[in-house]
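*Asks:* The lines below spell out each chain.
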Amino acid sequence: MSDTSSVSGWDSHRDDTSDSSVFTSMTMSFLQELPSYRSLIRRRTTILGRDKTGGTLLKPASSENRVSSEAGRSEKEHLGSQSIRKYALNISEKRRLREIQEAQVKYLSEWDQWKQYSTKSWKRFIEEAKELASHLELWKNDIRSIEGKFGTGIQSYFSFLRFLVILNLVIFIIIFLFILLPIILTKYKITDSTFLIVPSNEVDMRCKVYPMNSTGLIYFYTYMIDLLSGTGFLEWTSLFYGHYTVDGVKFKNFTYDLPLAYLLSTVAYLALSLLWIVKRSVEGFKQNLVRSEEQYQSYCNKIFAGWDFCITDESTAKLKHSSILYELKTDLVEERIRQKVAQRTPEETLRIYSLRMLLNAIVITVLAACFYAIYEATIFSQEHMKKEINKMVFGENLLILYLPSIVITLANFITPIIFSKIIRYEDYSPAFEIRLTLLRCVFMRLATICALVFTLGSKITFCDNEDCRVCGYNHKLYPCWENQFGQEMYKLTIFDLIINLAVTLFVEFPRKLLVTHCSSWKLIRYWGQQEFGIPDNVLGIVYAQTICWIGSFFSPLLPAIATVKFIIIFYVKEISLMYTCRPSTRPFRASNSNFFFLLVLLIGLTLAFIPLGISMTHIPSSKACGPFTNYNISWDVVPKTVSTFPSALQTLIHSITSEAFAVPFFIVIWQLRLSDLPRVTQPSHHVLFHCPGWSTQTGSDSTQRAVGYGKSRQALSHSETYSCSGRDEKPTKLILNTILVPSKLTELPY
Amino acid sequence: MGSSTSHLSKELLTEYQELTFLTKQEILLAHKRFSDLLPQESRNMEDSLRVRVSTEQILTLPELKANPFRERICRVFSTAPERDSLSFEDFLDLFSVFSDAATPEIKSHYAFRIFDFDDDGTLNKEDLKQLVNCLTGEGQDTQLSTTEMKQLIENILEESDIDRDGTINLSEFQHVISRSPDFTSSFKIVL
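These protein sequence lines map, in sequence, to chains S and V.
In terms of the numbering used here, the first sequence is residues 530 to 1279.
In terms of the numbering used here, the second sequence is residues 68 to 258.
In short, the hints are calculated from the structure, not lab data.
No residue lacks a Cβ here, since even glycine has one placed at the ideal position from N, Cα and C.
Hints may be right or wrong, so weigh each one.
Claimed, not checked - Just the calculated beta-carbon pair ranges, DEER-fashion:
no. : chain 1 : residue 1 : chain 2 : residue 2 : range
1   : V       : Glu205    : S       : Trp1050   : 29 to 39 Å
2   : S       : Val1093   : V       : Ala168    : 27 to 37 Å
3   : S       : Arg625    : V       : Lys99     : 55 to 65 Å
To be verified - Okay, derived cross-link-like pairs now, SDA-like style, lysine to any residue, Cα gap no bigger than 20 Å in a straight line:
no. : chain 1 : residue 1 : chain 2 : residue 2
4   : V       : Lys217    : S       : Ser827
5   : S       : Lys649    : S       : Tyr616
6   : V       : Lys77     : S       : Glu656
7   : S       : Lys659    : V       : Glu85
8   : V       : Lys132    : V       : Gly206
9   : S       : Lys652    : V       : Ser166
Take the sequences, apply the hints, and build the full model.
*Replies:* Printed below as a string of structure tokens:
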């Protein structure tokens, strides 16, 4: 008797008078001890929780009628399959439930018992493993404290940064294992292996000339310049492509084909990056698909999920309050504007659209101007690099070497300001404004790298006289053109890091000092404290990562440098955030962020494929340095290796890569993926039909009927077959019930 | 003199691990934090599992101090008859629902109860009004005007009230939450 009262007494406010009838008779109490009744109560508890009215599935009223009919069926229920903690009960009730479950176990067959036991222990094992793995998570405490102080938007930036650190580390490990390790083993005589160099006779000797700079007395500043620009002594180290001028490494039993390894590891880490990013973005993509009805849900999302429960700081909470207020007011204003726009006259529409076209043309002009500036700067820098370095002054030297990087950074700094000024005149809604500016800035950042790479490429393959015909590229200016590429990417990386450090040190900290100590000056107060601009920072690190991807083929140690760089940036940004920034007044939703970050990263990766693809397959590899001296283009090593396979394997590979196979294969894969997607957005819902006109208040005439279906689409088609009992009306309203219900909900008789 | 090891026994730990979404570390940390709120004489093992801590004390925790829903949270998770104190198990329940590993269904279930200010099982206009005021801030100047509030509540009901009865019940709420992308990441408290 005490059990039943405790189970149904959880809600002291409930005044369901029908309950009292359940508790009176003694026979009832016996039936209620049965496991079958327990299962009924349990099912109800998950659905009802402490909710008395409306939307509830089953009522405890008239439970005695159901008990006997349920008794037979529910013994077959596998209670153990439902994990206890998914029930919305407090701990003491869950404990009782667990006891019931364990008592239930006796009724199951041996096989089911074993299955239950093994799933439980497997789950426990997985949890222990996850707990162990979470100890290894990098920077867990830092990110948590950032989340508490600044909210989930900024925290997602730092998680993204952490992801990039790990990605770069993995890329470097791949490169180390397959490219660096054999060379190190041979060079330092750890294993008994030798380098294999195959001289080729087909190549013209003029292509093989690679002049080394004089290694006489080296001034200190030459050393610094070399360190910063990758020329001089650095050019011959394993940092750059030119170091790997071997055709293979001969071990005792086999020959390790280094050119093949070099090419395949490049393909491998690019493919790995792609897969990893796609895997991470799939979650965000699903959410975005579901969110496609966002305009109909945004208020609910902002109100019900508006507060960041992990905020622990009072001032952050105050800021969050004001940002929520701001957001709500903006949305309400936007709604009123939308209504106004719908009533716009045709002349006004024409005016707006022509204005927009004009402003877009201005944007394109600005972009073109930037690209041209980069083109000119690169050509100037390349030409002057060929002059003798020690004849120039130190500062002038560095300026010329870094000219492309400087121009790119300036362009990336000025254009967002221009874009944000322009967009105000285009009369879009605030949300769309933010998105469009962001899109333009993304394009700007990533396209500048393309402009640089394109300029270099054109210089390498362009020659107006006989130079190119001999080797296929301009061997007089660029005897080892991959090194030049590598050097440019290396310079960009280093310069980016220096600029980040300099801005933090010389702009943000003084700004904070000024604002704290000289806040009486109106100008300072107007300028205000630094805000952590998430989109700008994200674009910065995506830019850095794209450079790393492009440069890794030409400079195998670049991923290691990028890893160290991102670690430094993490700590610098964290310190800058904690000490100089105030949280942003404009909210940046965490939901958008992850998907947005990964999308931009994916764009960067796709952009990185282009120069790599072209240089691997179209531009002849340099004959004076590097592992591909005996091949025309770098990609040639693959067909050459395939031709050494047994002929059966060769024909197999040829058939797989031929169009006749590849096209149908991709079509089939595409179909599979597409058919997978809709399932994602249609979680299995259990459908409630609500009979119109009947109240959803408590009472024994509450009339909801529940039928379980796998997919709500099927349910819709079945709605005609049901009628509200006692009436002729068809059920009209559909309530999609996503509460956790047991897998098979049987139809309940009324 | 209090006997103890202020360490939870292994069986108890495993039991709590099964009944909540917390990891072993988190349960131990929660126990330590809870014991810190108890008076000195009740800090031993048996008492700490039995004694209740009043809501005012719980509200001094830094994780809850800045939260506008702190009183509702304490009220919802309390199993005392007057709903004004929490036992250790209530405390664990609280952090279990707000942990990373909790399912969205559990979170939305409890979110509904927290937002239901008058405890009547539905979110009516008054509940929503109080909810919005909690979100925008305590002061007079941080609240929406009456017309704005009316417009906002109408919009919310339009988006979520499927059966058009002027209130949001649990199923409608959970349906709306399932389509809300920010909910799981924002409905989180970590010790």
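*Asks:* For each hint, tell me whether it holds in the structure or not.
*Replies:* Comparing the hints with the structure gives:
no. : hint                              : result
1   : V/Glu205 to S/Trp1050: 29 to 39 Å : 32 Å, holds
2   : S/Val1093 to V/Ala168: 27 to 37 Å : 34 Å, holds
3   : S/Arg625 to V/Lys99: 55 to 65 Å   : 27 Å, violated
4   : V/Lys217 to S/Ser827              : 17 Å, holds
5   : S/Lys649 to S/Tyr616              : 17 Å, holds
6   : V/Lys77 to S/Glu656               : 16 Å, holds
7   : S/Lys659 to V/Glu85               : 15 Å, holds
8   : V/Lys132 to V/Gly206              : 17 Å, holds
9   : S/Lys652 to V/Ser166              : 18 Å, holds
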